[in-house]
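Enquirer: Go ahead and model the full structure; you've got the sequences and the hints to work with.
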Amino acid sequence: MIVGPDNYVALSAVLFLIGVVGVIARRNPLIMLMSIELLFNAANLALVAYARSWVMNTGHIFVFLVITVAAAEAAIGLAIVVVTFRRSQHVDVDEVAALRG
Amino acid sequence: MQLLLIWLFPLISAVVLWAFGPRLRSWAGPIGSALVGVPFVATVMLWRDATLGAGVHVPLVSWLPGWAFGLQLDRLTLIWTLIITGVGFLIHVYSMGYMDGDRAYARFFAYMNFFVFAMLTLVLSDNVVGLLVGWGLVGLASYFLIGFWFERPSAVAAARKAFVMNVIGDVGIMFAVFVIVAKVGSIGFGDIFTRFAAAFTPHELFLVCLGLFIGCAAKSAQIPLHTWLPDAMEGPTPVSALIHAATMVTAGVYLIARFAPLWSASPDAQELVGVIGGLTAIAGALLGCAQWDIKRILAYSTMSQIGYMIMGVGVGAYSAGVFHFFTHAFFKAQLFLGAGIVIHALANEQDVRRMGGLWKRMPFAFVAMFVGVLAICGVPGFSGFFSKDAVVYGVLATNHPWLYAVGVITAGITAYYMFRLLFVTFFGAYRGAVDPSDLGIRHPELAGTSASSGHHAEEEEPHQHAPSWLMSAPVAILIPFSIFIGWLDYGGANAPWQRFFDGAFPRAAETTPVLSETVSTVLVLLVVLAGVALAYLRYGTSAAQAGAVDRLRTETIRMPRVLVNAYYFDAAYDVLLVVPARAVGRWFVRTFDPHVLDAAVHEAAISAQWLGHLFRSFQTGLVRTYALSILFGVVCIVAYYAVAFGAGR
Amino acid sequence: MIAFWILALVLIASAVFTVTAAKPVYSVVGLLVNFIALAAMYLTLQAEFLAVIQIVVYSGAILILFVFVIALLSSGTRPFEVGPDKAPRIVIPAVVLALLTLAGLTVTALHTHTAVVLAPSTGGAAGDAGAFGSIANFGTALFTTNLLPFEVTAFILMVAVIGVVLIAGDVAPGEGAPPRRKRRANTREPIVKDTLVR
Numbered sequence: 194m195i196v197g198p199d200n201y202v203a204l205s206a207v208l209f210l211i212g213v214v215g216v217i218a219r220r221n222p223l224i225m226l227m228s229i230e231l232l233f234n235a236a237n238l239a240l241v242a243y244a245r246s247w248v249m250n251t252g253h254i255f256v257f258l259v260i261t262v263a264a265a266e267a268a269i270g271l272a273i274v275v276v277t278f279r280r281s282q283h284v285d286v287d288e289v290a291a292l293r294g
Numbered sequence: 005m006q007l008l009l010i011w012l013f014p015l016i017s018a019v020v021l022w023a024f025g026p027r028l029r030s031w032a033g034p035i036g037s038a039l040v041g042v043p044f045v046a047t048v049m050l051w052r053d054a055t056l057g058a059g060v061h062v063p064l065v066s067w068l069p070g071w072a073f074g075l076q077l078d079r080l081t082l083i084w085t086l087i088i089t090g091v092g093f094l095i096h097v098y099s100m101g102y103m104d105g106d107r108a109y110a111r112f113f114a115y116m117n118f119f120v121f122a123m124l125t126l127v128l129s130d131n132v133v134g135l136l137v138g139w140g141l142v143g144l145a146s147y148f149l150i151g152f153w154f155e156r157p158s159a160v161a162a163a164r165k166a167f168v169m170n171v172i173g174d175v176g177i178m179f180a181v182f183v184i185v186a187k188v189g190s191i192g193f194g195d196i197f198t199r200f201a202a203a204f205t206p207h208e209l210f211l212v213c214l215g216l217f218i219g220c221a222a223k224s225a226q227i228p229l230h231t232w233l234p235d236a237m238e239g240p241t242p243v244s245a246l247i248h249a250a251t252m253v254t255a256g257v258y259l260i261a262r263f264a265p266l267w268s269a270s271p272d273a274q275e276l277v278g279v280i281g282g283l284t285a286i287a288g289a290l291l292g293c294a295q296w297d298i299k300r301i302l303a304y305s306t307m308s309q310i311g312y313m314i315m316g317v318g319v320g321a322y323s324a325g326v327f328h329f330f331t332h333a334f335f336k337a338q339l340f341l342g343a344g345i346v347i348h349a350l351a352n353e354q355d356v357r358r359m360g361g362l363w364k365r366m367p368f369a370f371v372a373m374f375v376g377v378l379a380i381c382g383v384p385g386f387s388g389f390f391s392k393d394a395v396v397y398g399v400l401a402t403n404h405p406w407l408y409a410v411g412v413i414t415a416g417i418t419a420y421y422m423f424r425l426l427f428v429t430f431f432g433a434y435r436g437a438v439d440p441s442d443l444g445i446r447h448p449e450l451a452g453t454s455a456s457s458g459h460h461a462e463e464e465e466p467h468q469h470a471p472s473w474l475m476s477a478p479v480a481i482l483i484p485f486s487i488f489i490g491w492l493d494y495g496g497a498n499a500p501w502q503r504f505f506d507g508a509f510p511r512a513a514e515t516t517p518v519l520s521e522t523v524s525t526v527l528v529l530l531v532v533l534a535g536v537a538l539a540y541l542r543y544g545t546s547a548a549q550a551g552a553v554d555r556l557r558t559e560t561i562r563m564p565r566v567l568v569n570a571y572y573f574d575a576a577y578d579v580l581l582v583v584p585a586r587a588v589g590r591w592f593v594r595t596f597d598p599h600v601l602d603a604a605v606h607e608a609a610i611s612a613q614w615l616g617h618l619f620r621s622f623q624t625g626l627v628r629t630y631a632l633s634i635l636f637g638v639v640c641i642v643a644y645y646a647v648a649f650g651a652g653r
Numbered sequence: 044m045i046a047f048w049i050l051a052l053v054l055i056a057s058a059v060f061t062v063t064a065a066k067p068v069y070s071v072v073g074l075l076v077n078f079i080a081l082a083a084m085y086l087t088l089q090a091e092f093l094a095v096i097q098i099v100v101y102s103g104a105i106l107i108l109f110v111f112v113i114a115l116l117s118s119g120t121r122p123f124e125v126g127p128d129k130a131p132r133i134v135i136p137a138v139v140l141a142l143l144t145l146a147g148l149t150v151t152a153l154h155t156h157t158a159v160v161l162a163p164s165t166g167g168a169a170g171d172a173g174a175f176g177s178i179a180n181f182g183t184a185l186f187t188t189n190l191l192p193f194e195v196t197a198f199i200l201m202v203a204v205i206g207v208v209l210i211a212g213d214v215a216p217g218e219g220a221p222p223r224r225k226r227r228a229n230t231r232e233p234i235v236k237d238t239l240v241r
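Chains A, B and C are the protein sequences, given in the same order.
Position in the first sequence (first residue = 1) + 193 = my numbering.
Position in the second sequence (first residue = 1) + 4 = my numbering.
Position in the third sequence (first residue = 1) + 43 = my numbering.
Rather than coming from a laboratory, the hints here were simulated on the basis of the structure.
Don't be surprised by glycine CBs; every beta carbon is placed ideally from N, CA and C.
Any given hint might turn out to be false.
As the list claims (entries may be wrong) - Which chain C residues stay away from chain B? Per the calculated CB distances, all over 12 Å, these: (1) 71; (2) 91; (3) 133; (4) 139; (5) 148; (6) 150; (7) 174; (8) 198; (9) 212.
To be verified - What follows is a list of derived Cβ distance ranges for each label pair: (10) 249(A) with 647(B): 40 to 48 Å; (11) 292(A) with 209(C): 18 to 26 Å; (12) 641(B) with 188(C): 25 to 33 Å; (13) 200(C) with 645(B): 56 to 64 Å; (14) 208(C) with 647(B): 43 to 51 Å; (15) 605(B) with 292(A): 31 to 39 Å; (16) 292(A) with 128(C): 13 to 21 Å; (17) 188(C) with 645(B): 51 to 59 Å.
Expert: Structure, rendered in structure tokens:
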């Protein structure tokens, strides 16, 4: 069968959802950040698929930007994780609940 | 212009005394009395103008078409104003002696003047709204004055009772006034009397008159709204004299007389008023036979006499009823003031069982009360004779034989209990506890001065008793009036009184009476003599006086319960109204307030708290739940797009 | 095309493995496989430059960064992920909402207008300088039409570097970051030495 952009987009959606569930269901901050990377990549896949479908560069540029931002965000996120959990017993986001009201 | 001053002087005096009372001290009495005396003089000066045609009319304020307030002084009003200011002035002077040394001396005169102002408002108004305002203010003044010694719980309770019952009457009269004004479209008496016939059906007229009469019944202590009057004797004796004998309680009579055209057009209403008047007359008289408090006896006699007046104006004998008011004001005031002298001298003793033998020791008071008693019984020659006969005969002439009988019998009972009062109080041996040497044996005019113990409930500092002429002079002035004023109605249709009121009232529907006037007079006289004889036999003979202490004790024990309990009216009201009202109040306090009102407030607080908790539960502090809520937001956005754009290709 | 389906399968499997792995290192490996499969997927979409970028930047830099941090945090015998789970069973609503999102997306995607189904690529041969997806094509677009985003990208990266240095850098061994010194008494845990230096 012909693999159209719909297939790629569906795949992107599935990846996105796996990532989302990963963010919510895991307590290790590192795995959460990795799940966030999954989210970015899912979005990238959709963008590339549509760029190919419309035969336009814009999608690729956008993906470029997304990758950049993802990199920056990963760096800073990891820095925060390091700083937060440098002295703590467990590496568990549930322990960082100081905003509890 | 003088009319305006007549009306306002008492008010000015009341305000001044209210405001500056403590500083004025004993000047309050003269000021208060003077500012009632001056209006009296002014009223006398206006006599001629008032009797000409429609009288004096002073328009004051005109708001809307049909809403014009003003003062008027016609013949009916003139009579009332003379009594209010004249007898009022005498009682003010008397009060200067009676209330001397009282801590709240100035406040007393302020209230008394306020009462005079209120009563004048009532009678001087040329419109029904002013009358209503005066009506209410008079009730207020009565409340102030009954509860004057407010440290006494009994006085406070009596004042409250009087006020509440007056309010019940106020409801009736207010509705009637509202209906009248709404239907007639104007508040002035002139307009009302010319237009009411066209505006009302007979049934509506009856209801309006009924409403007016409810007000009368409350204000004039007629059955069934009479129970406040005996309790109102908690006030100082001058108050009882002025308000509850001479003026305020006669406001109902004034109302009926003023609205004579309306009443005459509604025979059913007249029947009702006449019947209740008669009923009250005899009921009050019977109750008077069972009392031991000198003021209560007089209170019930007032109730009974006003019953006469109401009966008189009710059946259409307007000038007779008004004449009885006129004479009654004098002799009842005299009786009260005389009783006040006795009470004052005996250190506030009011129980007649503890009096006796005072005719020798207080001859002046004895003479005063004796004259008053003769007047009220209708002994020929005295004023009450003429007025009572006029009323009773008027009732017969308008074809009310049963009411006539009631009137006659009541006259006999009146004679009985008044002479009972006289014998028990003034004859026999002294049964009381006050040292007899204090009673001013040699100088009767000293009764009520520092020669007697002269305690008042509120005295604190040593004081100079006022000279007693303040108390005896007014009484002395009243005596000739009680005797001679009755002759004004002598001479049938040519009597000065009749000529004075010629044409002022609608003619009553008169039939040829069964008895002639002479026969009626003789009949009444016989009944009165029978009453006097009975009283003499029971209390006046030397045998009766010898064993007085035992006799009175036995009589106290054997007094019929129904009379002692005033026909159980008080008990009935208590059960029907007071107990349920208290129960409702208790329910509100115990159930409604904590469980509904407080609970509502509490619930408001709790729900705010609950809402807070609800929102707080979102703030877990956990990153994952925040991520979940973000996902939820994503779902919402996707749903929006799915719905908005997914409908079709 | 068969490539798509195989790659799709690999992508999904590795993603699931990443999310459910017991240890973070396993997750990193799973993610690596995911990225490589994704790069291959880009190739099927004629996005050659992006495929390379994906490998170089994502797998080569970001994942290495992850590995370093894992190493940083897991020194010693300190276990990962202990402590009570304060939101147990949160995965249930997460999955439910996720499926709802999927449903919504599917509905939207199916019903919206789509363009030509994968038109044949313009310019067929690899190495053709102006072909769609080639580096020349991409570069031209990046430096002409989309110059501003390019500059902004640089700016973002600079900000990220500064941020990282500020947040986690400049610490002498054995101490926390200076601002944290004052709050030392507030930490619930016993004060342990900085584990970087042993």
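Enquirer: Hint by hint, note whether the structure agrees.
Expert: Quick rundown of the hints versus the structure:
1. Under the 12 Å C-beta cut-off, the non-interface status given to residue 71(C) relative to chain B holds; the minimum distance is some 21 Å.
2. No Cβ of chain B approaches the Cβ of residue 91(C) within 12 Å, the least distance being about 32 Å, so the stated non-interface status holds.
3. With 12 Å as the threshold on Cβ separation, the claim that residue 133(C) sits away from chain B is violated: the shortest Cβ distance comes to roughly 6 Å.
4. Not every Cβ of chain B is farther than 12 Å from the Cβ of residue 139(C); the closest lies at roughly 9 Å, contradicting the non-interface assignment.
5. With a least CB separation of 6 Å from chain B, residue 148(C) falls inside the 12 Å interface cut-off, contrary to its annotation.
6. Not every C-beta of chain B lies more than 12 Å from that of residue 150(C), the closest at about 5 Å, which undercuts listing it as non-interface.
7. For residue 174(C), the shortest C-beta to C-beta distance to chain B comes to about 32 Å, beyond the 12 Å cut-off, and the non-interface label holds.
8. The beta carbon of residue 198(C) sits about 26 Å from the closest Cβ of chain B, which is more than 12 Å, so the claim that it is off the interface holds.
9. Every beta carbon of chain B lies more than 12 Å from that of residue 212(C), the smallest distance being close to 24 Å; the non-interface claim holds.
10. At roughly 29 Å, the beta-carbon separation of residue 249(A) and residue 647(B) lies outside the given 40 to 48 Å, and the hint is violated.
11. Between residue 292(A) and residue 209(C) the CB atoms are about 22 Å apart, so this pair conforms to the stated range of 18 to 26 Å.
12. A hinted range of 25 to 33 Å holds for the C-beta pair residue 641(B) and residue 188(C), which are about 30 Å apart.
13. Roughly 33 Å separates the CB atoms of residue 200(C) and residue 645(B), a value that falls outside the hinted 56 to 64 Å.
14. Checking the proposed 43 to 51 Å range against residue 208(C) and residue 647(B) shows it holds: the Cβ atoms sit about 47 Å from each other.
15. Checked against the hint of 31 to 39 Å, the C-beta distance between residue 605(B) and residue 292(A) comes to roughly 33 Å, which is consistent with it.
16. The supplied range of 13 to 21 Å is met by residue 292(A) and residue 128(C), whose beta-carbon atoms lie about 18 Å from each other.
17. Between residue 188(C) and residue 645(B) the beta carbon distance is about 28 Å. The supplied range of 51 to 59 Å is therefore violated.
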